[in-house]
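2 protein chains.
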Amino acid sequence: MSQSSRSFDDPFNAFCKDSDAYLPGAPNGALSGLTFAAKDILEVVGHVTGGGNPDWKATHQPATRTAWVVQTLVDAGATMVGKTITDELTRGIFGENAHYGTPTNPRAPGRVPGGSSSGSAAATAGGLVDFALGSDTGGSVRVPASFCGLYGLRPTHGRIPLDGILLQAPSYDTIGWFARDAETLARGGAVLLAQDTAAERPTILVVAQDAFNLATPQVVDALRPAVDMLASLIGQVSRQMLAPVSLTKWSEHQQVLQSREAWESVRDWIDQVNPRFSFEVSDRYVMAKSITDSQVATAQAGRDAIATRVDEVFADGATVVCLPSTVAPAPPIGQKVSERHALRLRNSALTSIAGNTGRPQLTLPVAEVDGLPVGLSLLGNRGSDEILIALARELAEAM
Amino acid sequence: MSQSSRSFDDPFNAFCKDSDAYLPGAPNGALSGLTFAAKDILEVVGHVTGGGNPDWKATHQPATRTAWVVQTLVDAGATMVGKTITDELTRGIFGENAHYGTPTNPRAPGRVPGGSSSGSAAATAGGLVDFALGSDTGGSVRVPASFCGLYGLRPTHGRIPLDGILLQAPSYDTIGWFARDAETLARGGAVLLAQDTAAERPTILVVAQDAFNLATPQVVDALRPAVDMLASLIGQVSRQMLAPVSLTKWSEHQQVLQSREAWESVRDWIDQVNPRFSFEVSDRYVMAKSITDSQVATAQAGRDAIATRVDEVFADGATVVCLPSTVAPAPPIGQKVSERHALRLRNSALTSIAGNTGRPQLTLPVAEVDGLPVGLSLLGNRGSDEILIALARELAEAM
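Same order as they appear, the protein sequences are chains A and B.
Residue 1 is where the first sequence starts when you use the working numbering, and the numbers rise one by one after that.
Residue 1 is where the second sequence starts when you use the working numbering, and the numbers rise one by one after that.
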């Protein structure tokens, strides 16, 4: 890393040590004076996108373009100071990377940062940048934001162009971002969403009871004041079970569809390169390649039914749903694979609601359990990203 | 590698660069003056056994003993000059190691050396040592010996103690060795088998027709002169199909049983460490962990039936079976995983005969196809290792 580019230390192992990507912001833009980091799945022209895996990096050429989302922020004045560590090919939610090391969770020592946008979350939570870009396919912005005590947005699917990005599962992939405060989150949104954030304010709060049932009692207790404040801000409140059977069942449909898409994205490369992955990542790819077309068809029908059911919950256009962002705070670093497998599945039951429906979800750092951050999420209508951001600012001011 | 230990260059990437294990031979022994190398699954006191995987090495302590087989050779005067590269945890037959690089096949440039005893085969074929120790669970001595133009012995199962060895699948694991000539192979045997090599000479040669049917026509043609010479040395010859259905079916039983045992050997470590493997290795472990007890029971019954059938072929005690050591010469380096998958299965159909029955198999470098080595194998009765060695010397002199 040359001193002419990023000039600060990285005590959190957030940045890719083998990248000196740096893009100074345009002068006099809306984001001038802000710095940001970009997850190393976002292309920067002239730099090889690493994707959190050294064999991926070694077998790919420098990018011939810069990702739309990065270029748009730079054009608006923000300076991109570096690429950040990601779980291998974005396949993880805990943030442990066997090749490059696990970024430190600045808010929870000894705990994982969450992933796959681990380095972006660590860099933001540690104050190294003002905000950071991540991606969220199955929770990769929302989970690290919850674990690191950050605001994080998974936008409406398709709202942020995915040009110039190492895709995982295109029908689930989104680009989102982290910030330490709601205002900075909103400033990013004002540029990336290219609309004012003035929009219809929700008048109905749906508390997703089955989502809260998945969280630990400590998390439910810790989130209660924020939920109460949100309820008082909005007015009308109802508690509902979102899923007719279970949210876990819903998430299984995402597991099938996302896994199939993820396998299709890399199967030829894996066959050619025989790359090194941590066992857990390979395990998921091996399971993915055994998924049958019949399973995919069943899951797609399931996904369609989920969208219909969630549309019902939002039948009144001025509705917002709240739910825990994660079922628990960040687990310790170095847990056994088998121990955290169950935690991953439980978290997926929360994150797959937005994933399966393409809806935006914003997580707010409004609570702690034993000093460890945990987030509350707002789930909105497709295209209502600005409404969620505005509501987050309102709640932040009220808390 | 300090100059006080191994003092020669390693142009074949055969030796572990991160090990300086070196054991000078005892003076005035039967093997004095000979040097050998040891596959890095064999323990040497004070050195960490690497097993071809950096995460294995990083999570294990230095060995507290030296493997019986290494110590016995050193006590007999041979000098162990270094540890050699192996496929990860011995899980491969091609010799490509994503972490440490693929040892060069000195006899077949651009081709794989074969594995998993890749470095031991390369060091021997390249003349860096007089002989070398490998292990053979599913072909890991026989295949690289065939690919590198070496003599190689997979001993009778249980004949060479496995003390001080990183085991893969104990009911299949054996320790064997490579040499460039039959005499050196025999000198190793005289020490390790601790018996004279004078034993009953076979009077019946069974040519395993179904094994030859699996080889390419070029291999069959190339092996013909050696088979004819062997026939003339022995006298009585019969062609037989060994397997009632197919050798491939036989090998499937080994796949099941070996995979289960291999998974049991490492499952706790994998769960704890989440190690990095090349995808192909993880793929095999993931498949292994899904094997059911019912599949194991079926395979064990199959294995018992194979032993009974092969006992019939050997009903006359003075029988030896010949078969191709590999179905083809060494494939090119860097083949797609999918391309060589079929080759691995076909080779396994040959190697699993000895594997499933615990019989000794000796491969002789008696042929070439387009300048690439390919071996002919002798399969003997349990405990007849010395007979195979004596026959190999006889054939070597006659050819």
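Since the hints were derived computationally from the structure, they do not count as laboratory data.
Some hints could be false.
To be verified - With beta-carbon atoms standing in for the labels, derived distance ranges:
(1) A/V337 / B/A342: 58 to 68 Å
(2) A/P170 / B/V337: 48 to 58 Å
(3) B/P244 / A/T59: 42 to 52 Å
(4) B/M287 / A/T59: 39 to 49 Å
(5) A/W269 / B/T59: 21 to 31 Å
For glycine and all other residues, C-beta sits at the position ideal for the given N, C-alpha and C.
These are the hints, each one checked on the structure:
1. A/V337 / B/A342: 58 to 68 Å: violated (31 Å)
2. A/P170 / B/V337: 48 to 58 Å: violated (24 Å)
3. B/P244 / A/T59: 42 to 52 Å: holds (46 Å)
4. B/M287 / A/T59: 39 to 49 Å: violated (25 Å)
5. A/W269 / B/T59: 21 to 31 Å: holds (29 Å)
The earlier numbered hints that this structure contradicts are 1, 2, 4.
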